[in-house]
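Q: Sequence:
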Amino acid sequence: MLKNQTGQWVQERSNIGSLFVDHCMHLFSSSFEEDHGLIEDLIHPVITPEDNDVLCAIPSSAEIKDAVFQLGVLKAPGPDGYSVIFFQHYWGTVGVAVTKTVKHFFRTSFLLKQINHSFIALVPKVEHPIRVEQFRPISLCNVVNKVISKILAGRLRGVIAKPISHFQAAFVLGRVIQDNAIIGQEVLHSMKAKRERKGLVAFKLDMEKAYDRMEWNFLLSVLRRFGFGDRWV
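Just so we're aligned, residue 1 is where the sequence shown starts under the UniProt record's numbering, counting upward by one.
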């Protein structure tokens, strides 16, 4: 049983499913008129052509194998029905096919849509969820998709410090999220301590709008402005 937007309990399986569908359609719908003019003034290219060559280079067979064996072995499988441990155990049999598929993607930028399919699992955010907002959607991807993502993420790690400000403490290798709390406290203390309350502003962001509602076109424009090539984007 879950509560709908009006606070009424919903019991039927089909009706509960409709609640999640409606919620996701609202969450991922666009409500923003495209205008990215500010990006030109705020962001300057930092990714070089040499960086793009490294990011988009066809991976070696060894790099692909390393990516497979760095993945978590017992993660829930995607639509292919296989967990990573299967590919690791039978790499001598399936390795050639996986390697060929991954190299073909980097060579042509083409990937079968079936490989890109995923299952969506709903993980509760709280102990006893009663609303759809209290579930977190998690994508269960096919293993080949995970391998490609692993390679891309590993390469991105080598240049991520260029477009990301040093004030960004989370999700960057060598930095810790706790630094953000310390910086925030120091900023607020400085604002309160200043005698002249001019030229100071602080924002509290709506995390749903900051992450779940981010416009794809905006993200793509930002990546291109930083200098990432069209193949990477």
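Errors might be hidden in some of the hints.
No farther apart than 27 Å at their CA atoms in a straight line, the calculated lysine-lysine pairs in the DSS-like style are these [to be verified]:
id, residue 1, residue 2
1, Lys146, Lys192
2, Lys162, Lys3
3, Lys125, Lys113
4, Lys65, Lys3
5, Lys162, Lys150
6, Lys194, Lys146
7, Lys146, Lys125
8, Lys162, Lys100
Hints were generated in silico from the structure; no laboratory data involved.
The model shown is predicted, which means the values in this text are computed figures rather than measured ones.
Q: Each of the hints needs a verdict: does it hold here or not?
A: Evaluation of the provided hints:
1. For the given pair, Lys146 sits about 47 Å from Lys192 by alpha-carbon distance, which is inconsistent with the 27 Å threshold.
2. For the given pair, Lys162 sits about 45 Å from Lys3 by alpha-carbon distance, which is inconsistent with the 27 Å threshold.
3. Under the criterion of a C-alpha separation no larger than 27 Å, the hint pairing Lys125 with Lys113 is inconsistent with the structure, at around 30 Å.
4. Annotation: proposed proximity of Lys65 to Lys3 is violated, straight-line Cα distance about 47 Å (limit 27 Å).
5. Under the criterion of a C-alpha separation no larger than 27 Å, the hint pairing Lys162 with Lys150 is consistent with the structure, at around 20 Å.
6. A threshold of 27 Å between alpha carbons decides the hint, and for Lys194 with Lys146 the separation of about 50 Å lies outside it, so the pair is violated.
7. Restraint check: the Cα-Cα separation between Lys146 and Lys125 comes to about 24 Å, which is no more than 27 Å; the hinted pair holds.
8. Note on Lys162 and Lys100: the hinted pairing is violated, with a Cα-Cα distance of about 32 Å set against a maximum of 27 Å.
The structure fails to meet hints 1, 2, 3, 4, 6 and 8 from the earlier list, while all remaining hints are met.
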